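2 protein chains.
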Amino acid sequence: MSKTEASSGAAGNKDYQRLVELLAEVTALRQSGGLLFWDQQTYMPRAGARARGNHLATLSKVAHEKFTAPEIGRLLERLRDWEETLPYDSDEASTIRVARREYEKATRLPPDLVVRHSRARTRAHEAWIEARQKNDYKVFRPALGEMVDIMREVADALGYEDHPLDALLDQQEPGMKTADMEKLFGELRQGLVPLVRAIAEKADAVDDSFLHQPFDRETQMEVCREAAGAIGFDLETRGRIDLSVHPFTIGFSRSDVRFTIRIDEGFFNAGFFASLHEAGHGTYMQGLPERFEQSILHEGASSGLHESQSRLWENIVGRSRAFWEFYYPRLQKGFPEQLGKVSREDFYRAVNKVEPSFIRVEADEVTYNLHIMVRFELEKAVFDRELGLDDLPGAWNEKFRDYLGITPPDDLRGCLQDIHWTFGFGGGFAGYTIGNVASVQLYEKALEEHPGLEEEFARGEFSSLLRWMNENVHAHGAKFEPQELLQRVTGRPLDAGPYLAYIKRKFSDIYGL
Amino acid sequence: MSKTEASSGAAGNKDYQRLVELLAEVTALRQSGGLLFWDQQTYMPRAGARARGNHLATLSKVAHEKFTAPEIGRLLERLRDWEETLPYDSDEASTIRVARREYEKATRLPPDLVVRHSRARTRAHEAWIEARQKNDYKVFRPALGEMVDIMREVADALGYEDHPLDALLDQQEPGMKTADMEKLFGELRQGLVPLVRAIAEKADAVDDSFLHQPFDRETQMEVCREAAGAIGFDLETRGRIDLSVHPFTIGFSRSDVRFTIRIDEGFFNAGFFASLHEAGHGTYMQGLPERFEQSILHEGASSGLHESQSRLWENIVGRSRAFWEFYYPRLQKGFPEQLGKVSREDFYRAVNKVEPSFIRVEADEVTYNLHIMVRFELEKAVFDRELGLDDLPGAWNEKFRDYLGITPPDDLRGCLQDIHWTFGFGGGFAGYTIGNVASVQLYEKALEEHPGLEEEFARGEFSSLLRWMNENVHAHGAKFEPQELLQRVTGRPLDAGPYLAYIKRKFSDIYGL
Chain A
0 MSKTEASSGA AGNKDYQRLV ELLAEVTALR QSGGLLFWDQ QTYMPRAGAR ARGNHLATLS
60 KVAHEKFTAP EIGRLLERLR DWEETLPYDS DEASTIRVAR REYEKATRLP PDLVVRHSRA
120 RTRAHEAWIE ARQKNDYKVF RPALGEMVDI MREVADALGY EDHPLDALLD QQEPGMKTAD
180 MEKLFGELRQ GLVPLVRAIA EKADAVDDSF LHQPFDRETQ MEVCREAAGA IGFDLETRGR
240 IDLSVHPFTI GFSRSDVRFT IRIDEGFFNA GFFASLHEAG HGTYMQGLPE RFEQSILHEG
300 ASSGLHESQS RLWENIVGRS RAFWEFYYPR LQKGFPEQLG KVSREDFYRA VNKVEPSFIR
360 VEADEVTYNL HIMVRFELEK AVFDRELGLD DLPGAWNEKF RDYLGITPPD DLRGCLQDIH
420 WTFGFGGGFA GYTIGNVASV QLYEKALEEH PGLEEEFARG EFSSLLRWMN ENVHAHGAKF
480 EPQELLQRVT GRPLDAGPYL AYIKRKFSDI YGL
Chain B
0 MSKTEASSGA AGNKDYQRLV ELLAEVTALR QSGGLLFWDQ QTYMPRAGAR ARGNHLATLS
60 KVAHEKFTAP EIGRLLERLR DWEETLPYDS DEASTIRVAR REYEKATRLP PDLVVRHSRA
120 RTRAHEAWIE ARQKNDYKVF RPALGEMVDI MREVADALGY EDHPLDALLD QQEPGMKTAD
180 MEKLFGELRQ GLVPLVRAIA EKADAVDDSF LHQPFDRETQ MEVCREAAGA IGFDLETRGR
240 IDLSVHPFTI GFSRSDVRFT IRIDEGFFNA GFFASLHEAG HGTYMQGLPE RFEQSILHEG
300 ASSGLHESQS RLWENIVGRS RAFWEFYYPR LQKGFPEQLG KVSREDFYRA VNKVEPSFIR
360 VEADEVTYNL HIMVRFELEK AVFDRELGLD DLPGAWNEKF RDYLGITPPD DLRGCLQDIH
420 WTFGFGGGFA GYTIGNVASV QLYEKALEEH PGLEEEFARG EFSSLLRWMN ENVHAHGAKF
480 EPQELLQRVT GRPLDAGPYL AYIKRKFSDI YGL
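Sequence order for the protein chains is A and B. Just so you know, the first sequence maps onto residues 0 to 512 in numbering that gives the first Met the number 0. Just so you know, the second sequence maps onto residues 0 to 512 in numbering that gives the first Met the number 0.
Okay, chain A solo, but in the shape it has when bound (with noise of 0.2 Å):
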């Protein structure tokens, strides 16, 4: 943070105070809404859901009418000629510029609308739940037809020019447009694509038999505890980890972070990774200024750079030799049965495994974006009414065929796998595959400024690189969106170019293409 960015006499600007203190009032009904959710996936008992869908959709509501209320419109009005004469990258005018974006499309939503979502979401939710109980799609497809529904609703509300998935897209990556995400997968289909079929003609280079075993669930758990508190994820008194069906993290304040974590007792990788990536979007919670903490500036840039943080400490570092140098003699005092005569070398392999499979959540770096277009593109398809719902399960499967070369055999391990569509439907998974390729671009960024990165890996020291990303990318929170800040970090926009060359990098020393 340059000194420009924190002061702008903002003290002697009544307008602006009473603009911040409206908008925490929001963020605070926001962040509220957030714990009832934490807590609904964690320990709410069973029959609360009802209630807790009731208890939701009001707090949407009233904070959606609180940010949306014509006060805020004047503020806003008002302040225009004072922005101007502040610095872009000021707190002061990164707030009135962000909460006027936020608050024209907010006002766009009609407050019935955002009421409907919520109700939809909580409605979805359960359906989906018992589709995966009963591993049956058709239970779930009358929810999910009311969200698509409700899902065009709100892109028509929000408006775009060139495609629905626009305005919805916006919603998650600020900026980014439908178009520069079919670009983006272009090049990484045609990247990926061939990669995919030379390592599947040598698949039996890498064994990972040893990581399908039975790890006990509390080593498990102390494991990744150690390992979240290891990267930098203050686990001591702003965070804590619990347990869910579905991992996720979620912060009420940079104080309070929170993430969750399923344990596999029959698979390494799933708790153990969920934990880093996880641990990583918790570090940036952590990291965003404790000046931004009631502000609509305490987030993160977008979801894709979220993502970002979560794919760099699971993958670039997590599954990086230097990591498991240091890491790896610990884990296997854990588990001595299960590793101790399995190398160091075999391990870090087995854990870069490739393999197509059907499980996003657990699929390996080379193969995870071809999960990722697949969804993109069923999304894109369902709003261009080419693809009906009823057929969604059959074109998922093929899809699968078609990149992964391999067909999803029930619903669980194809189209019901993912939480997403009980949220919205649109745009909701383009993040991730903008998280991995930004990870790599500000990594080598991190990397080009500290070359000795890997080697402090090795000793178990990660603070040089987490110290880096808190000063480039979370002390901006919510300042700037996704390809400013990249352009600002690392002087480009969103590029598959570095993440490309190192997947082909790092997997071609793997299976030695």
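In case anyone wonders, no lab produced these hints; they're calculated from the structure. Hints should not be assumed to be uniformly reliable.
To be verified - Under the rule of at most 35 Å between Cα atoms (straight-line distance), these lysine-lysine pairs were calculated in the DSBU-like manner:
1. B:LYS65 to A:LYS104
2. A:LYS182 to A:LYS503
3. B:LYS65 to A:LYS65
Remember, it's a predicted structure, so these values are computed and weren't measured experimentally.
Once you've looked at the hints, dock chain B against the given chain A.
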């Protein structure tokens, strides 16, 4: 519930429908705040306190704004004529009546005072925690001073005829006056102080040393869960138990009711009887009618009536010979070393040992109300400016000497023990004594209708009693003021007679007086 209570053609009244809709929002905001509080006491990372304070203050403020909105005032005015046509105890008349009573109180409180009160709570909570860690009242003193000043303002804003405490008491116990409480305490003092003295002379007649030995945490937790489940608290789908520093019960709907306990590994009673106590509160919340779920009636009649349910299950049931006929063999199985050689009768006597002690929540039935009397008299003295806050610990200790014959050795075992003064100051303890007295009144009525209750307890059957409370107390939610409810159910207002007779009977037997 009689037929007339449920239906009065409400669907036809649009003003009523609108009122119900607006009240549902307020209820949702309050219940959301409840979850934030629960989390603060159970799982929140330490550093999350400040942001949590902001969130709670915002939820209070917004709930207050919504509840005091002029539209609610107009609707309540317009509904007067319709209300007159309805049976007094119908859902509709009761909703309007309770909403009007609460609206009139709430509109007297300036929003700014509500926010200051909420923030003062958070500060007082932090100061109280720190004061307890340091065992030093002086650390709590400034926050308590702020709280007392705020409560004076609250009392003045609410208005009162005779005494400022009336205004505060009325918030907990609608319709009760300070003078009523003084009369009640007078009767209790007269009956209890001589009894405490008579028992003190026979102090050695009951040995409870075996309750003070190591009882491991996990087994205690299991036993607490089992007993709470046995009396009818639904832990399967609608409730849960967690640990916290100060036990409490809270519900976010009848389908999500949670209580906390504190396990003392060196003393059996602390966890077990807290569990029965809180489970008793829990049965009230779980017993509220489903149709009240988002209604302003989705509450107990008062703190005191709530306490009547917790004391019922903790003491009248949980400390009865019949209960232990059922449960003692199970408890012995859980703690064979500790209790294998202790007879059931000796155990029954031990859990009823009367011994003047410092900590209210661990006090026996005979001395308990004296603990409350101390607090009530001190609060009154502070309000009457007869006692300054600097002198509070001294005055506390002096009253302990007078009523209980013992002097607290420090503030932790004196005036720092309760969490209540972090919420407010004045009237917050009266409910405990009202609850003790009402519990016997209600139980004797239930016994009149089901003379075989004790035989049922001995067989581990508690459903007749629970159902009686469901139908006679819980089914009304917040429809009636506490005195009205007691009058309707037992044919009399609150009456110390049955309570004193019960205490004398029970303890004369145990102590052979």
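Hint consistency between LYS65 (chain B) and LYS104 (chain A) [alpha-carbon to alpha-carbon, up to 35 Å]: With Cα atoms ~25 Å apart, LYS65 (chain B) and LYS104 (chain A) stay inside 35 Å; holds.
Hinted pair LYS65 (chain B) and LYS65 (chain A), Cα distance within 35 Å: Judged against 35 Å, a Cα distance of about 12 Å means the pair holds.
35 Å limit on alpha-carbon distance, applied to hinted pair LYS182 (chain A) and LYS503 (chain A): It holds: about 20 Å lies between the C-alpha atoms, which stays within 35 Å.
Violation of the numbered hints given earlier is absent; every hint is satisfied by the structure.
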